[in-house]
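Please work from the sequences and hints to get the whole structure.
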Amino acid sequence: MSSSKITSKIPEGNLEQKWSKYRSTVPLVNPANKRSIEIIVVGSGLAGASAASTLAELGYKVKVFCFQDSARRAHSIAAQGGINAAKNYQNDGDSVYRLFYDTIKGGDYRAREANVYRLAEVSTNIIDQSVASGVPFAREYGGLLSNRSFGGTQVQRTFYAAGQTGQQLLLGAYSGLQRQVGMGAVQMFARHEMLDVVNIDGVCRGIIARDLVSGKLERHFGHAVLLCTGGYGNVFFLSTNAMGSNVTAAWKAHKKGAMFANPCFTQIHPTCIPVSGDHQSKLTLMSESLRNDGRIWVPKRKEDAEAIRAGKLNPNQLKEEERDYYLERRYPAFGNLVPRDVASRAAKERCDAGFGVNKTGEAVYLDFAFNMKYKYGKIEATKKGISNPTEEQLKSLGHEVIKEKYGNLFDMYQQITGVNPYENPMMIYPAVHYTMGGLWVDYNLMTTVPGLYALGEANFSDHGANRLGASALMQGLADGYFVIPYTIGAYLNNEIRTKAISTDHEAFVAAEKAVQDRIDRFLSIKGSKSVDYFHKKLGKIMWDNCGMARNETGLKEAIEAIKALRNEFWNDVRVPGAANELNPELEKAGRVADFLELGELMCLDALKRNESCGGHFREEYQTEEGEALRDDENFKYVAAWEMLELGNWELNKEDLIYDNIKIAQRSYK
Amino acid sequence: MSEQNINVTLKVWRQRNSQSKGGFETYPLNDVSTDMSFLEMFDVLNEKLIQEGKDPVAFDHDCREGICGMCSMFINGRPHGPKQAVTTCQLHMRSFKNGETIVVEPWRAKPFPVIKDLVVDRSAFDRIISAGGFISVNTGNAQDANAIPIAKDNADESFAAAACIGCGACVAACKNASAMLFVSAKVSQLALLPQGQPERKQRVMDMVAQMDNEGFGACTNTGACSAECPKEISLTNIARMNRDFLAAEMTAK
Chain A
22 MSSSKITSKI
32 PEGNLEQKWS
42 KYRSTVPLVN
52 PANKRSIEII
62 VVGSGLAGAS
72 AASTLAELGY
82 KVKVFCFQDS
92 ARRAHSIAAQ
102 GGINAAKNYQ
112 NDGDSVYRLF
122 YDTIKGGDYR
132 AREANVYRLA
142 EVSTNIIDQS
152 VASGVPFARE
162 YGGLLSNRSF
172 GGTQVQRTFY
182 AAGQTGQQLL
192 LGAYSGLQRQ
202 VGMGAVQMFA
212 RHEMLDVVNI
222 DGVCRGIIAR
232 DLVSGKLERH
242 FGHAVLLCTG
252 GYGNVFFLST
262 NAMGSNVTAA
272 WKAHKKGAMF
282 ANPCFTQIHP
292 TCIPVSGDHQ
302 SKLTLMSESL
312 RNDGRIWVPK
322 RKEDAEAIRA
332 GKLNPNQLKE
342 EERDYYLERR
352 YPAFGNLVPR
362 DVASRAAKER
372 CDAGFGVNKT
382 GEAVYLDFAF
392 NMKYKYGKIE
402 ATKKGISNPT
412 EEQLKSLGHE
422 VIKEKYGNLF
432 DMYQQITGVN
442 PYENPMMIYP
452 AVHYTMGGLW
462 VDYNLMTTVP
472 GLYALGEANF
482 SDHGANRLGA
492 SALMQGLADG
502 YFVIPYTIGA
512 YLNNEIRTKA
522 ISTDHEAFVA
532 AEKAVQDRID
542 RFLSIKGSKS
552 VDYFHKKLGK
562 IMWDNCGMAR
572 NETGLKEAIE
582 AIKALRNEFW
592 NDVRVPGAAN
602 ELNPELEKAG
612 RVADFLELGE
622 LMCLDALKRN
632 ESCGGHFREE
642 YQTEEGEALR
652 DDENFKYVAA
662 WEMLELGNWE
672 LNKEDLIYDN
682 IKIAQRSYK
Chain B
-13 MSEQNINVTL
-3 KVWRQRNSQS
7 KGGFETYPLN
17 DVSTDMSFLE
27 MFDVLNEKLI
37 QEGKDPVAFD
47 HDCREGICGM
57 CSMFINGRPH
67 GPKQAVTTCQ
77 LHMRSFKNGE
87 TIVVEPWRAK
97 PFPVIKDLVV
107 DRSAFDRIIS
117 AGGFISVNTG
127 NAQDANAIPI
137 AKDNADESFA
147 AAACIGCGAC
157 VAACKNASAM
167 LFVSAKVSQL
177 ALLPQGQPER
187 KQRVMDMVAQ
197 MDNEGFGACT
207 NTGACSAECP
217 KEISLTNIAR
227 MNRDFLAAEM
237 TAK
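Same order as they appear, the protein sequences are chains A and B.
Residue numbers for the first sequence, in the working numbering: 22 to 690.
Residue numbers for the second sequence, in the working numbering: -13 to 239.
Where hints are given, some of them may not hold.
With a straight-line Cα cutoff of 27 Å, these simulated DSS-like cross-link-like pairs (lysine-lysine) come out [unchecked claim]:
| # | chain 1 | residue 1 | chain 2 | residue 2 |
| --- | --- | --- | --- | --- |
| 1 | B | K83 | B | K34 |
| 2 | A | K558 | B | K34 |
| 3 | B | K83 | A | K380 |
| 4 | A | K399 | A | K340 |
| 5 | A | K380 | A | K108 |
| 6 | A | K333 | A | K321 |
| 7 | B | K34 | A | K561 |
| 8 | A | K404 | B | K138 |
| 9 | B | K40 | A | K609 |
| 10 | A | K108 | B | K96 |
| 11 | A | K561 | A | K577 |
| 12 | A | K426 | B | K138 |
| 13 | B | K40 | A | K558 |
| 14 | A | K237 | B | K40 |
| 15 | A | K405 | B | K138 |
| 16 | A | K26 | A | K629 |
| 17 | A | K547 | B | K40 |
| 18 | B | K69 | A | K399 |
| 19 | A | K424 | B | K69 |
| 20 | A | K557 | B | K34 |
| 21 | B | K7 | A | K237 |
| 22 | A | K547 | B | K83 |
| 23 | B | K(-3) | B | K40 |
| 24 | B | K96 | A | K237 |
| 25 | A | K333 | A | K416 |
| 26 | A | K550 | B | K69 |
| 27 | A | K609 | B | K69 |
| 28 | A | K550 | B | K138 |
| 29 | B | K83 | A | K609 |
| 30 | B | K40 | A | K557 |
| 31 | B | K(-3) | A | K416 |
| 32 | B | K69 | A | K426 |
| 33 | A | K396 | B | K138 |
| 34 | A | K657 | A | K629 |
| 35 | B | K(-3) | A | K550 |
| 36 | B | K138 | A | K424 |
Keep in mind that the hints were calculated from the coordinates and are not lab data.
Please read these numbers as outputs of a predicted model, since none were measured by experiment.
Shown next as structure tokens:
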């Protein structure tokens, strides 16, 4: 039985009709009333920008906040590979049901059926909308849209714009947003950071934000507040997230009553550029789309791996039979395109066993030589009428094709590592990339605080325990363009009589004072260590104990270590500068202080989930072959945590019901 | 690739806020790994300044993978430093020599006022986009995405223009502080697509008018913008915008 404190509000009826029926019956707000309703959107990524522009188009008064200098900088911009949609343009058997099924299965049966089905349904509208707003997707010579494959699927349903799909989609959503800003329908607050939500009588009524340039605290009223603030992967310090990505908005909401769901579900992406040294500030992803054409391997013999690590052997010299294409070996049906969690663990397994190939022993090869020559080289040779092409010819013909498909990624790799990936296999290793967990939301995307919503990566709802590639962009835009504009009516239709509440209300005053006190406290500690010192330490605790593999002892130790580190932080951090100026160290201090609390909850969640599923791999629960061993009898639920006080959380369970999918051991063999 | 450590001397522009007068400060920095990115080198400098009880250098940065467009350092007289087609965050210390003095300034342009140290205000770019850098299509209006085939060449060229990251290097590189490359990239992206046609004339006029209002300078076809652009946005876009602008002005009602 689900906890009585949470109701998912999933509409009745057949899965296929839930959304269309609900959409047609959800209460509306008439256009005249919309003009007096104010909505606050925090975050300007795909979810935030698309929600803000769409709500403004409908007539609501919208305010948008982002900490960057422009809405266009939000981290959605860095998504590379693509966006999924069940268009079936390739005629290869795709359908809404299949996208739904792949997503539930990819998430290892820990996502909500109704939400995922809705996501798959609206996926097709997203592509239409984006093309209409000028997003230049890749096309074929006939002028129609091109697709490619991503992990965990056997169809080609991923739309893309070179390796910059996130950039193009975000700039599309951003231009729609700026259009509304130009018309005065959206008020934009760039270089502003939300530092608290304001509740009045248990209902969310606004936020406290800090103008990052002047340092001034501001109070903003809203009939509803939408958190579109992304994920919390930076709790690990090193991740593929942007430097500024943080949990602060979601965490403040959590501390004001919004439950946090499945916090331990973290996605470790298999293809990132390995760590090069202690100075490292972030990790860079190499798009999953590369796994279409890159083959992943390590040497078969340990001696070869050792020789490579010592710089005595060039990997290009190893013959086919001396290489272990371990994904193709272990998972013949999906090969290099297994889901991310599976690919990451397999890389870790090989490296832990001593087959890693860079100086740290934590890297595997992603090799394009084979497809460059024998796939693309051959096709090009045939097109050009070259019979019996030489190996060199094949390579140079294939080189051009690879360059067109992945040029920007190859350039980026070379820029970061100093190694030419056209000549040498790339070295990659898993890194923290995305967080499936997030604020618990119902079918309407509302958190457990009325009037407070969470969209995109900030919520938990669609990806279960593992997200499939090219589904984050899909979810962000689905939530913003096509879900919230409808579902918000269910709440706002009861709000038409609520007059704008004065920000002199005592709740606003108290919230602002609490924020001010905290800022003053950071500045008054005047300790001996920088914010980054604590962030790096926390990251290491999290990566070692709550990363790709977890166990009971490690998690318990991690919780104690985090508590101790938090204590040290509040006694010994040094935050230079003042409150009334642009002060990046002060901004970081606030974010890291929140990560130091979140980390504990993540470990607690991982500790209480005595099973392995998706990205959550508990070493105690695995099959003989080392695959994740789910426990559906005891853990087929969403863990929604309510904070009673710091260090004391109550677990509320939302049972997951699968009426339309036969739940099974996930297999990609 | 072989990692080494080098010593450099940094001359960094320090300015407390938009009102105060700025100046260069000199910071020697030793044992810098050549595998570090330029911004990681600044992280190390800031860590050192914090330990010494000094104010760390404020600089804009976010994704650190060359796509968000937030980083914006003017290094040894060139926006984003000495390498072609690279943002500051993707510039690595292997591009510098042991013992080198590196001068780091903010973008210099009147429409980009300094906020603090190396941080400037680029909101003028957002206002230019608000003036017309969009297609007026409300959510829900779209037809099937494959209903209008678009020739691959046009789609590719549109994409190449759309790759602009809005960092402002073009303005910083230009002796006139002109924003023509930035504006023309957006104008071209949309002018090359059938969806962009209905508003084509109005868009170019509105965006150019806003660009002029913001105080950006005129274009004198020097080409520094394109040469310094980290995304290698082509000068052809400026030619296309000039053509469109002229046509729009001549046929304006």
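How the hints compare with the structure:
| no. | hint | in the structure |
| --- | --- | --- |
| 1 | B/K83 x B/K34 | holds (21 Å) |
| 2 | A/K558 x B/K34 | holds (18 Å) |
| 3 | B/K83 x A/K380 | holds (24 Å) |
| 4 | A/K399 x A/K340 | holds (20 Å) |
| 5 | A/K380 x A/K108 | violated (44 Å) |
| 6 | A/K333 x A/K321 | holds (17 Å) |
| 7 | B/K34 x A/K561 | holds (22 Å) |
| 8 | A/K404 x B/K138 | holds (19 Å) |
| 9 | B/K40 x A/K609 | holds (17 Å) |
| 10 | A/K108 x B/K96 | violated (48 Å) |
| 11 | A/K561 x A/K577 | holds (15 Å) |
| 12 | A/K426 x B/K138 | holds (14 Å) |
| 13 | B/K40 x A/K558 | holds (23 Å) |
| 14 | A/K237 x B/K40 | holds (23 Å) |
| 15 | A/K405 x B/K138 | holds (20 Å) |
| 16 | A/K26 x A/K629 | holds (20 Å) |
| 17 | A/K547 x B/K40 | holds (12 Å) |
| 18 | B/K69 x A/K399 | violated (35 Å) |
| 19 | A/K424 x B/K69 | holds (20 Å) |
| 20 | A/K557 x B/K34 | holds (16 Å) |
| 21 | B/K7 x A/K237 | holds (23 Å) |
| 22 | A/K547 x B/K83 | violated (37 Å) |
| 23 | B/K(-3) x B/K40 | holds (16 Å) |
| 24 | B/K96 x A/K237 | holds (25 Å) |
| 25 | A/K333 x A/K416 | holds (25 Å) |
| 26 | A/K550 x B/K69 | violated (35 Å) |
| 27 | A/K609 x B/K69 | violated (30 Å) |
| 28 | A/K550 x B/K138 | violated (55 Å) |
| 29 | B/K83 x A/K609 | violated (32 Å) |
| 30 | B/K40 x A/K557 | holds (21 Å) |
| 31 | B/K(-3) x A/K416 | violated (46 Å) |
| 32 | B/K69 x A/K426 | holds (23 Å) |
| 33 | A/K396 x B/K138 | holds (22 Å) |
| 34 | A/K657 x A/K629 | holds (13 Å) |
| 35 | B/K(-3) x A/K550 | holds (26 Å) |
| 36 | B/K138 x A/K424 | holds (17 Å) |
Checked against the numbered hints given earlier, this structure breaks hints 5, 10, 18, 22, 26, 27, 28, 29, 31; the rest are met.
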